[in-house]
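Asker: Next come the chains, spelled out residue by residue.
2 protein chains.
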Amino acid sequence: MTRNLIFIGILTLLFAAGIWQDGTVAQDTKIPALSELNEDEKNTEKVSLGARTWIIPTPVWVIGSYDKEEKPNVMTSSWVGISCSKPASLMTCLREATYTHGNIIERKAFTVNIASESYAPYAAYIGRVSGRDVNKFETTGLTPVKSALVDAPYIKEFPLVIECKLTQTVELGLHTMFIGEIMDIKADRSILSEEGAPDIEKLKPFVFTPGSSKFYGIGKLIGNVSDLAKEAEKK
Amino acid sequence: MTRNLIFIGILTLLFAAGIWQDGTVAQDTKIPALSELNEDEKNTEKVSLGARTWIIPTPVWVIGSYDKEEKPNVMTSSWVGISCSKPASLMTCLREATYTHGNIIERKAFTVNIASESYAPYAAYIGRVSGRDVNKFETTGLTPVKSALVDAPYIKEFPLVIECKLTQTVELGLHTMFIGEIMDIKADRSILSEEGAPDIEKLKPFVFTPGSSKFYGIGKLIGNVSDLAKEAEKK
Numbered sequence: 001m002t003r004n005l006i007f008i009g010i011l012t013l014l015f016a017a018g019i020w021q022d023g024t025v026a027q028d029t030k031i032p033a034l035s036e037l038n039e040d041e042k043n044t045e046k047v048s049l050g051a052r053t054w055i056i057p058t059p060v061w062v063i064g065s066y067d068k069e070e071k072p073n074v075m076t077s078s079w080v081g082i083s084c085s086k087p088a089s090l091m092t093c094l095r096e097a098t099y100t101h102g103n104i105i106e107r108k109a110f111t112v113n114i115a116s117e118s119y120a121p122y123a124a125y126i127g128r129v130s131g132r133d134v135n136k137f138e139t140t141g142l143t144p145v146k147s148a149l150v151d152a153p154y155i156k157e158f159p160l161v162i163e164c165k166l167t168q169t170v171e172l173g174l175h176t177m178f179i180g181e182i183m184d185i186k187a188d189r190s191i192l193s194e195e196g197a198p199d200i201e202k203l204k205p206f207v208f209t210p211g212s213s214k215f216y217g218i219g220k221l222i223g224n225v226s227d228l229a230k231e232a233e234k235k
Numbered sequence: 001m002t003r004n005l006i007f008i009g010i011l012t013l014l015f016a017a018g019i020w021q022d023g024t025v026a027q028d029t030k031i032p033a034l035s036e037l038n039e040d041e042k043n044t045e046k047v048s049l050g051a052r053t054w055i056i057p058t059p060v061w062v063i064g065s066y067d068k069e070e071k072p073n074v075m076t077s078s079w080v081g082i083s084c085s086k087p088a089s090l091m092t093c094l095r096e097a098t099y100t101h102g103n104i105i106e107r108k109a110f111t112v113n114i115a116s117e118s119y120a121p122y123a124a125y126i127g128r129v130s131g132r133d134v135n136k137f138e139t140t141g142l143t144p145v146k147s148a149l150v151d152a153p154y155i156k157e158f159p160l161v162i163e164c165k166l167t168q169t170v171e172l173g174l175h176t177m178f179i180g181e182i183m184d185i186k187a188d189r190s191i192l193s194e195e196g197a198p199d200i201e202k203l204k205p206f207v208f209t210p211g212s213s214k215f216y217g218i219g220k221l222i223g224n225v226s227d228l229a230k231e232a233e234k235k
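Those protein sequences? They're chains W and S, same order as listed. If you're matching positions, the first sequence starts at 1 in the working numbering and goes up one per residue. If you're matching positions, the second sequence starts at 1 in the working numbering and goes up one per residue.
Misleading hints may appear alongside valid ones.
BS3-like mimics (lysine-lysine), calculated; alpha carbons at most 27 Å apart, straight line [unchecked claim]:
{"no.": "1", "chain 1": "S", "residue 1": "K202", "chain 2": "W", "residue 2": "K220"}
{"no.": "2", "chain 1": "W", "residue 1": "K46", "chain 2": "W", "residue 2": "K71"}
{"no.": "3", "chain 1": "W", "residue 1": "K204", "chain 2": "S", "residue 2": "K230"}
{"no.": "4", "chain 1": "S", "residue 1": "K46", "chain 2": "W", "residue 2": "K146"}
{"no.": "5", "chain 1": "S", "residue 1": "K204", "chain 2": "W", "residue 2": "K230"}
{"no.": "6", "chain 1": "W", "residue 1": "K86", "chain 2": "S", "residue 2": "K108"}
{"no.": "7", "chain 1": "S", "residue 1": "K46", "chain 2": "W", "residue 2": "K108"}
{"no.": "8", "chain 1": "W", "residue 1": "K202", "chain 2": "S", "residue 2": "K204"}
{"no.": "9", "chain 1": "W", "residue 1": "K204", "chain 2": "S", "residue 2": "K204"}
{"no.": "10", "chain 1": "W", "residue 1": "K204", "chain 2": "S", "residue 2": "K108"}
{"no.": "11", "chain 1": "S", "residue 1": "K46", "chain 2": "W", "residue 2": "K86"}
{"no.": "12", "chain 1": "S", "residue 1": "K146", "chain 2": "S", "residue 2": "K165"}
{"no.": "13", "chain 1": "W", "residue 1": "K220", "chain 2": "W", "residue 2": "K202"}
{"no.": "14", "chain 1": "W", "residue 1": "K108", "chain 2": "W", "residue 2": "K230"}
{"no.": "15", "chain 1": "S", "residue 1": "K71", "chain 2": "W", "residue 2": "K204"}
{"no.": "16", "chain 1": "S", "residue 1": "K165", "chain 2": "W", "residue 2": "K202"}
{"no.": "17", "chain 1": "S", "residue 1": "K68", "chain 2": "S", "residue 2": "K165"}
{"no.": "18", "chain 1": "S", "residue 1": "K202", "chain 2": "W", "residue 2": "K71"}
{"no.": "19", "chain 1": "S", "residue 1": "K146", "chain 2": "S", "residue 2": "K204"}
{"no.": "20", "chain 1": "W", "residue 1": "K156", "chain 2": "S", "residue 2": "K86"}
{"no.": "21", "chain 1": "S", "residue 1": "K156", "chain 2": "W", "residue 2": "K204"}
{"no.": "22", "chain 1": "S", "residue 1": "K68", "chain 2": "W", "residue 2": "K202"}
{"no.": "23", "chain 1": "S", "residue 1": "K202", "chain 2": "W", "residue 2": "K204"}
{"no.": "24", "chain 1": "S", "residue 1": "K156", "chain 2": "W", "residue 2": "K230"}
{"no.": "25", "chain 1": "W", "residue 1": "K220", "chain 2": "S", "residue 2": "K165"}
{"no.": "26", "chain 1": "W", "residue 1": "K71", "chain 2": "W", "residue 2": "K156"}
{"no.": "27", "chain 1": "S", "residue 1": "K71", "chain 2": "S", "residue 2": "K46"}
{"no.": "28", "chain 1": "W", "residue 1": "K46", "chain 2": "S", "residue 2": "K46"}
{"no.": "29", "chain 1": "S", "residue 1": "K46", "chain 2": "W", "residue 2": "K165"}
{"no.": "30", "chain 1": "W", "residue 1": "K86", "chain 2": "W", "residue 2": "K108"}
{"no.": "31", "chain 1": "S", "residue 1": "K108", "chain 2": "W", "residue 2": "K46"}
{"no.": "32", "chain 1": "W", "residue 1": "K68", "chain 2": "W", "residue 2": "K146"}
{"no.": "33", "chain 1": "S", "residue 1": "K156", "chain 2": "W", "residue 2": "K108"}
{"no.": "34", "chain 1": "W", "residue 1": "K46", "chain 2": "S", "residue 2": "K230"}
{"no.": "35", "chain 1": "S", "residue 1": "K156", "chain 2": "S", "residue 2": "K108"}
Label-pair distances were calculated between CB atoms; the ranges are [to be verified]:
{"no.": "36", "chain 1": "S", "residue 1": "K146", "chain 2": "W", "residue 2": "V47", "range": "15 to 23 Å"}
{"no.": "37", "chain 1": "S", "residue 1": "N135", "chain 2": "W", "residue 2": "R132", "range": "20 to 28 Å"}
{"no.": "38", "chain 1": "S", "residue 1": "K146", "chain 2": "W", "residue 2": "L174", "range": "26 to 34 Å"}
{"no.": "39", "chain 1": "S", "residue 1": "N135", "chain 2": "W", "residue 2": "E96", "range": "18 to 26 Å"}
{"no.": "40", "chain 1": "S", "residue 1": "E106", "chain 2": "W", "residue 2": "A148", "range": "39 to 47 Å"}
FYI, nobody ran anything at the bench for these hints, they're computed from the structure. C-beta: ideal position from N, C-alpha, C; glycine also.
Bound conformation, chain W alone:
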């Protein structure tokens, strides 16, 4: 009798575990109602950190440009973002002290190059030495490709590249914002989804954490935005 109960108990547990792992049920249990948050999450008393740029995470974009003598240069920038859908444009903010700053003003063009995780050490290195001192394409072995659309080089080995024409320059203080119109996005076939858009699970990009200066990979799919929105409405 006792043995039978234990047996039934184990079966029930296995069954429950099965349901738990089932997508649909997990979906329903994923959103905590606000009252169901754990103690840590409920403690919303805020600590003031001051006027800082510790906002995590930020993208990691490698900016390509030519100098006056046609020397290709790259630098890593995380003060960046998409800025407009029509015309498609983006922005990168650079200190005047950087070599790229002068290049973009001179050439009125730049590229954005997105690395896969396997290139993270290159993106880190490119962000820490100046094109004034070294030719970073020579020191890394990466290959500059002259864009046919804009006056800037892109990195052949990086799987996603964006070619931009400078359209506006905004002075902000220590940083200057360069707004570029996107003339084309080019991608390796290997990182495209069946629908033909860049697939984050194939690209394997990574993000930067201001404040602690680390690179982190991308994790699991949380969901489609339209599906997630419906879940919140149910609450």
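Based on these hints, arrange chain S on the given structure of chain W.
Answerer: Quick look at chain S alone, frame taken from chain W:
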């Protein structure tokens, strides 16, 4: 004799596997020399995708603002980025059609609210309905807190909030860029590192993928930027 050879072979394989899993050796093998990339990675022939904003990933920021009648509103924005270190500032780009666009022009202030994964459905919902039609704080149950520093509300339940004063407005086309000076960053204690900076592993933020409209979590630590840069130099 043959048996002995097989036995030695197996021992060798086991030994090799052990070395492979050792941290130090794995570290050295982590960065592929460019010649060591796999066939997919070596195929760098690019496909043109056109002038699009399919750049992945982008941050997910929930922008807080008041309307003329003091009604608090929130909207989700991924055309965003840090823009300057001194003065610390950031930017968010919004279509004129959004309710928040008018609010920011009226109040000259906004907040940025960063959600943990558990709030992803809220961030998705907030991005898909308009503050013209509903009070999103009422429909979600989230709590607006009036900032003491700027004329905008932040979300009590979100663990990282940034209070901004509008400093510049840049017209870009479909989107208007609002540049805000960061007056303060506030964080829940539970998401801070021992050094007092926001810790991405505790915050658990997520990113948006333009092109496929999905949210993804953050994955594993790839490394400190300074350490990674040294690895690239070794190559």
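Asker: Now look at each hint and say whether the structure bears it out.
Answerer: Consistency of the hints with the structure:
no. : hint                         : in the structure
1   : S:K202 to W:K220             : holds, 16 Å
2   : W:K46 to W:K71               : violated, 49 Å
3   : W:K204 to S:K230             : holds, 22 Å
4   : S:K46 to W:K146              : holds, 13 Å
5   : S:K204 to W:K230             : holds, 22 Å
6   : W:K86 to S:K108              : holds, 25 Å
7   : S:K46 to W:K108              : holds, 23 Å
8   : W:K202 to S:K204             : holds, 22 Å
9   : W:K204 to S:K204             : holds, 18 Å
10  : W:K204 to S:K108             : violated, 38 Å
11  : S:K46 to W:K86               : holds, 24 Å
12  : S:K146 to S:K165             : holds, 14 Å
13  : W:K220 to W:K202             : holds, 13 Å
14  : W:K108 to W:K230             : violated, 44 Å
15  : S:K71 to W:K204              : violated, 41 Å
16  : S:K165 to W:K202             : violated, 39 Å
17  : S:K68 to S:K165              : holds, 17 Å
18  : S:K202 to W:K71              : violated, 43 Å
19  : S:K146 to S:K204             : holds, 25 Å
20  : W:K156 to S:K86              : violated, 34 Å
21  : S:K156 to W:K204             : violated, 33 Å
22  : S:K68 to W:K202              : violated, 46 Å
23  : S:K202 to W:K204             : holds, 22 Å
24  : S:K156 to W:K230             : holds, 22 Å
25  : W:K220 to S:K165             : violated, 35 Å
26  : W:K71 to W:K156              : holds, 16 Å
27  : S:K71 to S:K46               : violated, 49 Å
28  : W:K46 to S:K46               : violated, 47 Å
29  : S:K46 to W:K165              : holds, 19 Å
30  : W:K86 to W:K108              : holds, 20 Å
31  : S:K108 to W:K46              : holds, 23 Å
32  : W:K68 to W:K146              : holds, 15 Å
33  : S:K156 to W:K108             : violated, 43 Å
34  : W:K46 to S:K230              : violated, 37 Å
35  : S:K156 to S:K108             : holds, 21 Å
36  : S:K146 to W:V47: 15 to 23 Å  : holds, 18 Å
37  : S:N135 to W:R132: 20 to 28 Å : violated, 54 Å
38  : S:K146 to W:L174: 26 to 34 Å : holds, 31 Å
39  : S:N135 to W:E96: 18 to 26 Å  : violated, 45 Å
40  : S:E106 to W:A148: 39 to 47 Å : holds, 45 Å
Hints 2, 10, 14, 15, 16, 18, 20, 21, 22, 25, 27, 28, 33, 34, 37 and 39, counting from the list given before, are not met by this structure.
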